[in-house]
Amino acid sequence: SQQGEEDPQALSIQEGENATMNCSYKTSINNLQWYRQNSGRGLVHLILIRSNEREKHSGRLRVTLDTSKKSSSLLITASRAADTASYFCATDAGGNNRLAFGKGNQVVVIP
Amino acid sequence: EPEVTQTPSHQVTQMGQEVILRCVPISNHLYFYWYRQILGQKVEFLVSFYNNEISEKSEIFDDQFSVERPDGSNFTLKIRSTKLEDSAMYFCASVWTGTGITDTQYFGPGTRLTVL
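Heads up: the sequence lines are chains A and B, in that order.
Under this note's numbering, the final residue of the first sequence carries the number 111; numbering is consecutive throughout.
Under this note's numbering, the final residue of the second sequence carries the number 116; numbering is consecutive throughout.
Which chain A residues face chain B? A few, computed with CB under 10 Å, are given here: (1) Tyr-35; (2) Gly-40; (3) Val-44; (4) Phe-88; (5) Gly-94; (6) Leu-99; (7) Gly-102.
Everything labelled a hint here was simulated from the structure, so no lab data went into it.
Just so you know, even glycine gets a beta-carbon here, dropped at the ideal spot from N, CA and C.
Generate the whole structure from the sequences, applying the supplied hints.
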């Protein structure tokens, strides 16, 4: 089954604004991880939130997890041009820790 | 900070040729993975490897694919006879999980495979 499905969207914002993106999934999970990918490059890990956590912060990032709705959101506050990238959520649901990725959100921050 | 490395960064090959993609996972990690991302699509799981054997594989990982950990540091993905549709970015990843608790999965920078 599909896991880690973001609302596929392209988000274009001005520098300094906040960017919010969402992710939904279908089955129970162990954790949910968010990654950033600059065009054609590797996956950079941003944050991991476990199934028993509801909110987590890391610098300008805030992640929430609602297991009852099977959804997560990633908020980037005070965005910068360098935040321009694709953002993926990935769910870990199995015993081998393999990740199921969503389609990604393209975020463009205009200086 | 330790990181996953991959070589080469870009591999161009002719259809039908064999390719080997190489990865060096983070040294104390126990689980290793290969994923691929076809241009413009989402990242797809190929295979996981633990305790020197495949622990799980996807439908994509057919008989044309194999993985190996030939020594204590390298982890390789071999495609025996490449097809045009194998063109993609291939990512290696590793996880520690020595406690059994799920943990952060770290990805390498990827190898872009182009099959002509």
